[in-house]
Amino acid sequence: MALRLESADVTTPSLQPILNMSTAGQSSTPSSPAGAVCTNCKAFRPYMPCKSNENGNRGVLFAICNSVNKEGKPCKFYRRVPRSNSTSPVLPSSAALSGSLPEFFAPAASAATCAAEHCRSTRIAPDCLRQMCRKHCTHNGGCTSKNHKVSQNEAAPPILRFPAGPIANAPPQLLPTIPPSLPLSPPLETLPIPLHPDGIVDARPEPRFASHLRPIFTEIIAEQQEKYRQQAQVDTDLKGKAQKEKQQVVVYSWLADDSAPSVRVTQDFGWPYLELSAAFLSSVGLSNAGKSGAVCLYDAEDVQGWVTVDVGHILRVKEGRRVFLKDLHVVNCTEFDKVFYTQSQPHTPHLHHSLARERAYVREMHRNSPFSTPCPTAASPAPTLLNSIPSTPAPLPPLMLGPSVSPNPFNDPPEFEEGSSDGKSWPRDYPTIDVAACIREVNSTTRTKRTRSTIRENIFKKHFPRVRFVPATFSDQSRLWCGASESLQDEYVKLGYLPEGLWLHFARRARRGY
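Using UniProt numbering, the letters of the sequence shown correspond one by one to residues 1 to 514.
Don't take each hint at face value.
As the list claims (entries may be wrong) - Only pairs whose alpha carbons sit at most 20 Å apart, straight line, appear in this in silico PhoX-like list of lysine-lysine:
{"#": "1", "residue 1": "Lys-318", "residue 2": "Lys-244"}
{"#": "2", "residue 1": "Lys-291", "residue 2": "Lys-246"}
{"#": "3", "residue 1": "Lys-149", "residue 2": "Lys-135"}
{"#": "4", "residue 1": "Lys-73", "residue 2": "Lys-42"}
{"#": "5", "residue 1": "Lys-76", "residue 2": "Lys-51"}
{"#": "6", "residue 1": "Lys-239", "residue 2": "Lys-135"}
{"#": "7", "residue 1": "Lys-239", "residue 2": "Lys-227"}
Just so you know, the hints here were simulated from the structure itself, not pulled from any lab data.
In this text the structure is predicted, and so the values were computed from the model without any measurement.
Construct all of the structure, not just a fragment, from the sequences and the given hints.
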């Protein structure tokens with residue numbers, strides 16, 4: 001017979017004596033809080049505390065039997081005290097154990113059968129609380145036995161209900177003290193737990209607690225939020241109108257020879273694409289030309305002349321751009337040169353741009369003045385001796401003039417401190433087209449790390465032979481040029497050698513991001 005260590009875990013600790021009494025006649029291994037009956041020799045063995053701490057069992061009560069049965073088979077029985085919330089049971093005295101065992105613990109005359117009706121199965125687990133076979137125990141809800149447990153999907157855990165009586169309320173006692181004539185309790189009743197207990201209501205439609213905020217506070221918050229929403233809507237409309245005011249195009253159209261152009265400002269298109277549709281051509285007076293395919297557009301970027309376009313032609317425009325249209329049969333466009341070469345000024349003056357033009361004008365006037373001394377390329381530490389004027393009656397002492405320490409409003413910023421022998425500073429006083437050509441040639445040259453500095457200096461000297469090369473300044477201006485947009489680069493390259501095409505103006509716009 002194989003030995004098996006069984007643990008009698010009971011769901012309700014206070015009912016352990018009653019369960020033991022109800023199953024004493026059916027179980028093959030009856031047990032009590034004072035001891036257990038050996039399964040081999042049917043002898044009662046009391047629980048004794050364990051003295052070894054090999055597995056952490058010191059002080060735990062065990063019932064151990066090392067005897068021999070009638071057939072001469074040695075007993076290897078040991079049983080641990082059932083776990084419960086109650087205190088450790090009081091062991092009986094040796095005098096009580098020396099006497100004969102009560103009739104309650106006598107071995108059963110026949111094998112125990114299943115407690116279910118019309119079931120004669122004798123395969124009952126020793127730790128089954130229902131004293132049923134596996135089939136009927138699991139059918140009734142299962143128990144704590146190893147093979148009698150059921151999942152929550154199969155059945156809900158049972159609820160144990162006991163009949164009212166003096167035994168159910170009595171405290172646990174030692175089984176040997178219970179008289180044999182005491183009737184056993186009836187079988188346990190198992191009822192499933194209801195999925196929706198009574199008395200629970202949904203908290204959402206029926207809140208348990210009332211709101212602590214008075215209606216006056218909630219109404220004020222609602223009014224404030226409504227005002228914020230209305231103000232946000234007004235601000236959005238104003239921003240859209242302000243943006244729409246900037247997104248307009250001036251259209252000049254010549255309808256006949258030797259006649260003044262027809263000027264029209266339009267905003268009725270999806271920015272930034274202007275479509276020369278039939279309705280648009282009709283609004284500028286070129287409906288007949290559109291029907292006959294005789295609409296001409298002045299292309300100032302590629303062709304730099306008049307080109308014929310079809311109805312539905314799309315232009316990409318930007319702020320301040322002007323569109324020039326005419327009929328194909330018109331040869332002499334009156335005031336075309338005057339209108340074309342007149343730069344369109346923005347509606348609102350730009351303070352920084354105006355100051356830049358003013359400072360450039362004053363600087364140029366200062367340099368062209370015959371009374372102004374040329375700007376030194378580098379500050380000389382040695383003072384200059386100026387002799388006294390000979391026409392004066394008395395000779396004046398020599399005047400010591402050193403480097404001026406007072407701030408000069410016409411001095412260049414520190415980032416443009418490299419100068420040339422002609423008094424100009426690089427790169428601010430040089431055209432953007434020349435500086436860009438030098439930067440593009442340096443960036444397109446394949447070079448190694450060792451010869452990088454030498455090649456850059458040679459290319460720089462080729463473009464600007466009279467300017468001192470400073471690697472850090474050149475690298476800064478190269479990054480500024482490469483970081484600018486392509487449209488901004490093309491705009492200043494096309495200005496050529498005009499005063500507006502200096503690197504000074506390009507650098508300011510590139511740093512501002514437009």
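Which hints from the list above does the structure break, by number from lowest to highest?
-> Of the numbered hints given earlier, those the structure breaks are 2 and 6, listed in rising order.
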